[in-house]
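Asks: If you want the building blocks of each chain, they are given just below.
Number of protein chains: 8
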Amino acid sequence: MNKIMVGIIMGSDSDLEVMNGAVEILNELDITCEVSILSAHRTPQHTVQYVEDAAARGLRVIIAGAGAAAHLAGVAAAHTPLPVIGVPIKSGAMEGMDSLYSTVQMPPGIPVATVGINGAKNAGILAAQIIGSVDLSVRQKIENYKEKLAAKVEEKNNRLQKLGIESFLEQK
Amino acid sequence: MNKIMVGIIMGSDSDLEVMNGAVEILNELDITCEVSILSAHRTPQHTVQYVEDAAARGLRVIIAGAGAAAHLAGVAAAHTPLPVIGVPIKSGAMEGMDSLYSTVQMPPGIPVATVGINGAKNAGILAAQIIGSVDLSVRQKIENYKEKLAAKVEEKNNRLQKLGIESFLEQK
Amino acid sequence: MNKIMVGIIMGSDSDLEVMNGAVEILNELDITCEVSILSAHRTPQHTVQYVEDAAARGLRVIIAGAGAAAHLAGVAAAHTPLPVIGVPIKSGAMEGMDSLYSTVQMPPGIPVATVGINGAKNAGILAAQIIGSVDLSVRQKIENYKEKLAAKVEEKNNRLQKLGIESFLEQK
Amino acid sequence: MNKIMVGIIMGSDSDLEVMNGAVEILNELDITCEVSILSAHRTPQHTVQYVEDAAARGLRVIIAGAGAAAHLAGVAAAHTPLPVIGVPIKSGAMEGMDSLYSTVQMPPGIPVATVGINGAKNAGILAAQIIGSVDLSVRQKIENYKEKLAAKVEEKNNRLQKLGIESFLEQK
Amino acid sequence: MNKIMVGIIMGSDSDLEVMNGAVEILNELDITCEVSILSAHRTPQHTVQYVEDAAARGLRVIIAGAGAAAHLAGVAAAHTPLPVIGVPIKSGAMEGMDSLYSTVQMPPGIPVATVGINGAKNAGILAAQIIGSVDLSVRQKIENYKEKLAAKVEEKNNRLQKLGIESFLEQK
Amino acid sequence: MNKIMVGIIMGSDSDLEVMNGAVEILNELDITCEVSILSAHRTPQHTVQYVEDAAARGLRVIIAGAGAAAHLAGVAAAHTPLPVIGVPIKSGAMEGMDSLYSTVQMPPGIPVATVGINGAKNAGILAAQIIGSVDLSVRQKIENYKEKLAAKVEEKNNRLQKLGIESFLEQK
Amino acid sequence: MNKIMVGIIMGSDSDLEVMNGAVEILNELDITCEVSILSAHRTPQHTVQYVEDAAARGLRVIIAGAGAAAHLAGVAAAHTPLPVIGVPIKSGAMEGMDSLYSTVQMPPGIPVATVGINGAKNAGILAAQIIGSVDLSVRQKIENYKEKLAAKVEEKNNRLQKLGIESFLEQK
Amino acid sequence: MNKIMVGIIMGSDSDLEVMNGAVEILNELDITCEVSILSAHRTPQHTVQYVEDAAARGLRVIIAGAGAAAHLAGVAAAHTPLPVIGVPIKSGAMEGMDSLYSTVQMPPGIPVATVGINGAKNAGILAAQIIGSVDLSVRQKIENYKEKLAAKVEEKNNRLQKLGIESFLEQK
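Residue numbers (the working numbering), protein chains in the order written: chain A, 3 to 174; chain B, 3 to 174; chain C, 3 to 174; chain D, 3 to 174; chain E, 3 to 174; chain F, 3 to 174; chain G, 3 to 174; chain H, 3 to 174.
There could be a bad hint or two in this list.
Claimed, not checked - Computed beta-carbon distance windows for the label pairs: (1) B/165 to E/172: 51 to 59 Å; (2) B/150 to G/167: 31 to 39 Å; (3) A/19 to C/58: 35 to 43 Å.
Stated by the list, open to error - Below, in silico cross-link-like pairs of lysine-lysine (DSSO-like), each with a Cα-Cα straight-line distance of 27 Å or less: (4) D/148 to D/158; (5) A/174 to A/164; (6) C/143 to H/5; (7) G/150 to C/148; (8) E/148 to E/158; (9) D/92 to A/150; (10) C/164 to C/148; (11) A/92 to D/154; (12) F/148 to H/92; (13) H/174 to H/164.
Just so you know, the hints here were simulated from the structure itself, not pulled from any lab data.
Beta carbons: idealized from backbone N, C-alpha and C, even for Gly.
In isolation and in its complexed conformation, chain A is listed as follows (with noise of 0.2 Å):
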């Protein structure tokens, strides 16, 4: 399973530190991952033959990260029939509100199957979670990741029961 499976695009290098969360689930769960500068207003060419050749390239989904009037994840899925998820980027004065309504409120026919503001991690995730709708090998893998949460959770409950408030707030 050598084949590129997620394309992460983004529309500025300034969205890298935040998208890079999606990577790093991605790595995490073995899912092999390309990541792209590409913008919806600056290089719309380019962006539109990256995703026009993404299915045949073999991609399974893509990632589009933008801030603002944030179009790109709309235009992406405008060229492919893949899902495309969007991440809002918080930016600027509106702090990514502005980026969750361009993203979300796509029109009926194209959807953006979106994420949270700044969840490039969830979109890692919800690739990896397309991919094991019907490849168990990564299926279980997810099953492992969320029992790891699970186990982190139940471990600082355990911490905190143990130590008590005061003393867990002064080890964190």
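Since the structure of chain A is provided, determine the placement of chains B, C, D, E, F, G and H on it from the hints.
Replies: Coordinates of chains B, C, D, E, F, G and H only, in the frame set by chain A:
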């Protein structure tokens, strides 16, 4: 392909008219689905049981629609490794802003693929895209559907050019 | 001056009634325009082609109206050096707030001249002002139009002073 | 009265610093409480089990704090006949608006007694008021607490009258 | 148990239709209540007197409903050690957002247990839960009520499974 | 004219730094004022007593500043025929939107003259304008103040024209 | 007292029905007023001239109502030392939020005394309170008015106690 | 082409740092401009005079930046037939939402071409596009500028592909 692929759940029968948009488009794309009324708050055990069984029963995607403090999609996502699509339903004084925020702003680890307010049709298409990410016959149907969408826009534009605005508006 | 000066595009024929406000005021100011239904998401190639040809065809301004996650004006602005005026259309649960944010909050480099929600008439006037910034006969027509606006307010005020509130409200 | 009266739960240890405000005021009012980290999405079974046992264990009130798409209070309310107080926690790009809406806008049948964003102290007082609605010694403690609050305001006002604004601000 | 347990107050008789939702559910749960029109701004003395007498008269909970800059619940909470439940009423241009913020965002020391906009029914249930936190017969009634809620959802779901969507929607 | 003309009240000493803006401008305009910390929720009786005595003591205007669910100005307005100016104070997660709505959206019959968030200086000027509506010497002082404001803008503009942007920004 | 005391201006005759609320209450309180349609944007010179003459003509207060980007009250305040009361008018897609923000958020130096959205009646009462701050006969009329308001609430409450909810709602 | 083409005005020198973004891009595109501090509320006469003279002085476009209840662009638009571009400036508790609404929601007849909050650079580009709508040398400069924008994105993308995420982020 007679097995049910998509499980559509909603918090109340008052959501059915909106959620039927997902059923209709899935029917149009020849993707099998089932519909249940399951409340995160009123029938939580049944909801959890449904969602926990979903993967083993062969479902590939869950679509969850709910209004107000819409917890259904999040609760579903907590109990399955399958991708969960959330449809915020417009209702009450906040007209769906509460459901949008309750659905999309999921904490790290448990994503919900959120579509626009009342965007049940798009939820259906997204479910199809998820299935089509590995099933080329479904993907083809999505391509066909998008071509029909484009053709309808073109046809309307052509009619507008021929008729002019006034006649076009009259004949609508 | 028979060449088309202003290209008015909109994402759906459901926007036509609102966008007709731009056509009517441009007609009143004797500025030629054309109207097309072009969707950023459903007919993206046609949209891009239209916008890329616009300058060479002699258009001076493009007016783009769209609702929800309104990407049309931004997509247009990405493909032309002409000024693009964006009209956020009121629709759905967010009543145009989504279209406003999607239209006005464009990233650096690709501006959209945004008017108010459903402000198609103002988009038409703005297009005329842009043309009138070098064409004195158009500018004169704008001055005349503003004088007529003022005269109407004055006439109403005079009638109010003469009739009193009650009779004025009855005769409205 | 050594039995635990109030169960305080929160979705993540990052909420502990805020939620400690409830613990402190309950301590001050001599009301016993316990604190647990329980996630509606990451440890849902543990959460449900805790809440379902709460009434039989003698708890009188549950206080639930969570951020983002804050489902914890609602999930708790679904599984107990006890009153559940919800504390929306400020976090992320929406600064707690998402948690407020997710907590307060509960559907008919399953109320959550919501306090202000980060209002953990008020949640503690409200829990005391609920217990004090039949326990006159607790009620008296609340009266005393409110008198202390009033005295502090009066004392500050007196100091302001004596010192004048400048000296008052300097000595703060 | 003939003594009045719950005092329901509202700022205007225009709130009565909404607030009646609290009365009806309290009647259904056999909890006695009384209803008064008391304005924080128009009859402030009467309001204060009512609230100050409430505990001595044996009331256990106060429910306060008001619209716009809704101060009634906060004013009530300032004058009683009893728990005060606030119901933001939808009215005017802000459709209840103003009442929600005015009710829920109380300063430290004076909590209001806020339910959703127009959530009078939930206010009644919450009042019952508060009484039921020590009164097991009331608690049992709440359990019964929640079972009925669940049964209604199950019954609807069963009917939907039997009839299919179309027939279900027709018979609604 | 040694009698106190303006009573400035605020809900907490944490509001004093902002509210001092009103004191300073009133001092500059030679209008006498007094400042008190009076909480609508923590010292309601004192607050009511202060406001009820205000007119008889010769006060002409009351300025009330408060944050969060800001009821102080409304409570004041309920107990006096004097004009009450409300200053919404920025605080907490909502950054003053809650105080603005709680202050400005008063029900019919009990107005509050609301200024912008943290607009204490403008509250002071408005108080002066109210006094100046019959007192020509105060009115003259307001005219002088506005001329000074204008002169400052002109002076800055002149300096900008002389220095150019870069030097102007450096010398700021 | 035959001289006009209050000048009521509005941006459009479509605001007249709302603004008439100010006229009616001023009539009821025997305060003389005049009404004009003056647009900040369409008849700016006339507006400025009216406002600049207001003080010399003996007006004591100006009430300005406008919708959308409501600049009228601010423009008025820029040209007079008199207190200016702003009434944000509900209109268009934003339902008055735009007018509220445009009216209340005035920069330092130029306050507008803002009332709630469509709060023309309160604007009238506020104008009376301003006049009554030195005119004891007007102040008495305001006291009487507030007593009538209180009596109406009391009368309704008494009727509710006598009739019970059902009959009360029927007879409304 | 030595005549000044674009007049940039702003309400306060505190807006200069943001508005300088318009100056810099106009300089880069070889379009002459001038900058003035002119307040709609503090120096209204000077503002009106500047705007009324603008067309006769040969200006083609006016750019107006202001914060809070931002009336400057609207006031400018009321006094000139030239196109007016509005820049809402982020400031104060509302972080520019007030300026956005005050600028974009202009009433019919008086449009303002609004760019995003703090979008001064885009205002400059829009002004250039307006001039370039008839001036082919300016249009060419805009095309060149957009090509540079695209090249920068491509260059960053290439660097990202070569370096990988970690090294890219480190070298930023």
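Asks: The structure should be examined with respect to each hint, and the outcome stated for every one.
Replies: Against the structure, the hints come out as follows:
no.	hint	result
1	B/165 to E/172: 51 to 59 Å	violated, 37 Å
2	B/150 to G/167: 31 to 39 Å	violated, 55 Å
3	A/19 to C/58: 35 to 43 Å	holds, 41 Å
4	D/148 to D/158	holds, 15 Å
5	A/174 to A/164	holds, 14 Å
6	C/143 to H/5	holds, 25 Å
7	G/150 to C/148	violated, 47 Å
8	E/148 to E/158	holds, 15 Å
9	D/92 to A/150	holds, 26 Å
10	C/164 to C/148	holds, 24 Å
11	A/92 to D/154	violated, 41 Å
12	F/148 to H/92	holds, 25 Å
13	H/174 to H/164	holds, 14 Å
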